[in-house]
Amino acid sequence: MDINEVSSSNPVSVQKYSTTSLESFLKQKGEPKEYKIINNDQKHLSSPAWTKFGFPAKRVGDDAYQRIDVFASCFNCKSTYSYQSDGSGSTKHLQRIFVQKHHYQHQFQQPIL
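Under our numbering, the letters of the sequence shown match residues 8 to 120, in that order.
If you are wondering where the hints come from, they were derived from the structure by calculation, not from laboratory data.
Every value quoted in this text rests on a predicted model; they were computed, and no experiment measured them.
Every residue gets a Cβ at the ideal spot worked out from N, C-alpha and C, and that includes glycine.
One should not assume that every hint holds.
[What the hints assert, rightly or not] BS3-like, lysine-lysine: derived pairs with alpha carbons at most 25 Å apart:
(1) 85 / 43
(2) 65 / 36
(3) 40 / 65
(4) 50 / 34
[As the list claims (entries may be wrong)] Listed next, with one range per pair, are the computed distances between beta-carbon atoms:
(5) 51 / 76: 17 to 23 Å
(6) 22 / 55: 16 to 22 Å
(7) 23 / 50: 29 to 35 Å
(8) 50 / 22: 15 to 21 Å
(9) 74 / 27: 15 to 21 Å
(10) 39 / 82: 17 to 23 Å
(11) 31 / 51: 16 to 22 Å
(12) 27 / 51: 27 to 33 Å
(13) 36 / 70: 17 to 23 Å
(14) 48 / 83: 30 to 36 Å
(15) 69 / 22: 28 to 34 Å
(16) 89 / 48: 16 to 22 Å
(17) 38 / 73: 16 to 22 Å
Throw the hints in and build the complete structure from the sequences for me.
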């Protein structure tokens, strides 16, 4: 379990997140959602995995969410992984996860009737 410290624009506000805690927050029901997954809004996405993954974000206002750095989450199942956008290969890692686990799991998932 990866635990990372995330600072908001307010330097006093520091929160520690883990992949497990973020998954739990993202799966919570109710409105308005305190946490959600936001799109990677880069114009040129480096991997097709970004169609299935986004960034977890915390609600900071009425309809405003702040991205929680160093994590990426699956839009469908909310699985969350540590992610670094520094060229360290994290996008390739997300691509492997997408292909090995999520692509096949979500592609063939049957709706429950």
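These are the hints, each one checked on the structure:
About 9 Å separates the Cα atoms of residue 85 and residue 43, which keeps this hinted pair within 25 Å; it holds. With a C-alpha separation of about 14 Å, the suggested pair residue 65 and residue 36 falls inside the 25 Å cut-off, and the hint holds. A C-alpha spacing of about 9 Å is found between residue 40 and residue 65, which places the hinted pair at or below 25 Å, so the restraint holds. In summary, the hint linking residue 50 to residue 34 is not supported, as the alpha carbons are separated by about 28 Å, beyond the 25 Å threshold.
For the pair residue 51 and residue 76, the beta carbons lie near 20 Å from each other, so the given range of 17 to 23 Å is met. For the pair residue 22 and residue 55, the beta carbons lie near 31 Å from each other, so the given range of 16 to 22 Å is not met. Between residue 23 and residue 50, the C-beta spacing of about 32 Å keeps the proposed range 29 to 35 Å intact. Between residue 50 and residue 22 the beta carbon distance is about 30 Å. The supplied range of 15 to 21 Å is therefore violated.
Between residue 74 and residue 27 the Cβ separation comes to about 19 Å, which falls inside the hinted range of 15 to 21 Å. Range check, residue 39 to residue 82: about 18 Å between beta-carbon atoms, so the 17 to 23 Å window is met. Between residue 31 and residue 51 the beta carbons are some 33 Å apart, a value that contradicts the proposed interval 16 to 22 Å. Between residue 27 and residue 51 the Cβ separation comes to about 32 Å, which falls inside the hinted range of 27 to 33 Å.
Range check, residue 36 to residue 70: about 19 Å between beta-carbon atoms, so the 17 to 23 Å window is met. Under the hint 30 to 36 Å, the C-beta atoms of residue 48 and residue 83, about 19 Å apart, miss the expected range. Against the hinted window of 28 to 34 Å, the Cβ-Cβ separation of residue 69 and residue 22 comes to about 20 Å, which falls outside the hint. Taken as a hint, the range 16 to 22 Å holds for the pair residue 89 and residue 48, whose Cβ atoms sit roughly 20 Å apart.
Take residue 38 and residue 73: their Cβ atoms lie about 19 Å apart, and the range 16 to 22 Å holds.
Hints 4, 6, 8, 11, 14 and 15 from the earlier list are contradicted by this structure; the remaining hints agree with it.
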